[in-house]
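Here the numbering used here is used: the first residue of the sequence shown is 885, the next is one more, and so on.
Keep in mind the hints are simulated off the structure, nothing from the lab. No residue lacks a Cβ here, since even glycine has one placed at the ideal position from N, Cα and C. Hints should not be assumed to be uniformly reliable.
[What the hints assert, rightly or not] Derived Cβ-Cβ restraints for the label pairs, each shown as a range:
id : residue 1 : residue 2 : range
1  : Glu-1190  : Phe-1045  : 35 to 41 Å
2  : Gly-1186  : Lys-992   : 19 to 25 Å
3  : Asn-941   : Leu-985   : 15 to 21 Å
4  : Pro-1042  : Glu-945   : 45 to 51 Å
5  : Ser-971   : Trp-1111  : 18 to 24 Å
6  : Met-963   : Ser-987   : 19 to 25 Å
7  : Pro-1002  : Met-1041  : 23 to 29 Å
[Said to hold, decoys possible] For lysine-lysine, the following DSBU-like pairs were computed, each having C-alpha atoms within a straight-line distance of at most 30 Å:
id : residue 1 : residue 2
8  : Lys-966   : Lys-996
9  : Lys-966   : Lys-992
10 : Lys-996   : Lys-1069
11 : Lys-992   : Lys-1069
12 : Lys-966   : Lys-1069
13 : Lys-1069  : Lys-1183
14 : Lys-966   : Lys-1000
15 : Lys-1069  : Lys-1000
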Amino acid sequence: MAVQMVRNGTRFPPYLPFALPNSRPAMRPKQLFEKPSVSCRAIITPLRWTPMASDKNPHEEMWRGLLTDPQSPLHADRMQFKLLPGSPRCKTCLFPLGGALVSALSSKWGRKPSRKNPNFCNLCEEFIRTHPGGAEIDLSLLFADVRGSTSMAERMMPAEFASLMNRFFRSSSDVLIGCDALVDKFVGDEIIGLFLPAIVADHPAAAVEAGRRLLSAIGHGEPGGPWLPIGIGVHSGTAYVGSVGDGLVADFTAMGDAVNVAARLASQAGPGELVVTEAAWTRGGPLHVPNSAHMLDLKGRGSPIEVRVLRSDGIPPGS
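Just need the whole structure built from these sequences, with the hints factored in.
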């Protein structure tokens, strides 16, 4: 028998790796090095739950609560673990997987780099692998793409190009995490950020702000110009988010048309441009920054989509 945690009517499995605190004040940095003391309402249930064979997505409601409820354990863990020093970090909970203090932190919290997937801590990797499925949720997505990377790679030594891309990934990860995004993955010369309702309530505005900060961090808008030309796409919509894999190796990601739209936006954004769909723009509230609204044809879509284009230099496109 084991304790099953309950939050707002959603039952989370007893082996859920995330903390599930009740309302409590923010932890001081010193407290983060101590083992957590969790208080929660509990129901005694069997340790393992075997779903009906006809149930194709037995964990759907659990995933939906985890991804959309601001009181979900995912939000609680990320808010405290992001204060701990170290890099890289677990993709989902932000627990440090490297750094000078990783050994001490691991012994205190029982988390360490997963042997099966280095992008996760051991507890998050096991949870994702043993809970296949997910849920369709409303979220915002950010894709940032390096412009002209192919020609850049031709002119540079491989090690030099790799060093430049690693610098881009480090800088962009810092910006996205600072804006409460979940860094989904690095794909070639592109980084993907997911803005989940459970982590940031006003996710459209957070995604747009992350795009603006990322352009600034790369040097767009500076007198000397950027150290790397990038274009960014932001879109809000419905996507399937959760665990994907075969039971042996699993990952956490988003899939669906909303993901494809954000990717297409980034691929068509020019250097120093942040292209935002009207869906994300209007839901993110009025943004008093120079922009240009127009219809954009996206590859693979039958009809154009309305977008706003923000330029790092403050000059509307076409001026």
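Verification of the hints:
Checked against the hint of 35 to 41 Å, the C-beta distance between Glu-1190 and Phe-1045 comes to roughly 36 Å, which is consistent with it. For Gly-1186 paired with Lys-992, a C-beta distance near 54 Å fails the hint of 19 to 25 Å. The given range of 15 to 21 Å is broken by Asn-941 and Leu-985, whose C-beta atoms sit roughly 39 Å from each other. For the hinted restraint 45 to 51 Å between Pro-1042 and Glu-945, the CB-CB distance of approximately 47 Å keeps it satisfied.
Checking the proposed 18 to 24 Å range against Ser-971 and Trp-1111 shows it holds: the Cβ atoms sit about 20 Å from each other. At roughly 23 Å, the beta-carbon separation of Met-963 and Ser-987 lies within the given 19 to 25 Å, and the hint holds. For Pro-1002 paired with Met-1041, a C-beta distance near 26 Å keeps the hint of 23 to 29 Å intact. Simply put, Lys-966 and Lys-996 have alpha-carbon atoms about 15 Å apart, close enough for the 30 Å limit, and the pair holds.
Restraint check: the Cα-Cα separation between Lys-966 and Lys-992 comes to about 16 Å, which is no more than 30 Å; the hinted pair holds. Proximity of Lys-996 to Lys-1069 is assessed by CA-CA distance (about 20 Å); at most 30 Å being required, the pair is judged to hold. Restraint check for Lys-992 and Lys-1069: satisfied, since their Cα atoms lie roughly 28 Å apart, inside the 30 Å limit. Using a Cα cut-off of 30 Å, the hinted pair Lys-966 and Lys-1069 holds, with the two alpha carbons roughly 18 Å apart.
This hinted pair checks out: Lys-1069 and Lys-1183 have alpha carbons roughly 22 Å apart, not beyond 30 Å. At most 30 Å may separate the alpha-carbon atoms for a hinted pair to count; Lys-966 and Lys-1000 meet this at roughly 23 Å. Distance hint between Lys-1069 and Lys-1000 is fulfilled; the C-alpha atoms sit about 16 Å from each other, no more than 30 Å.
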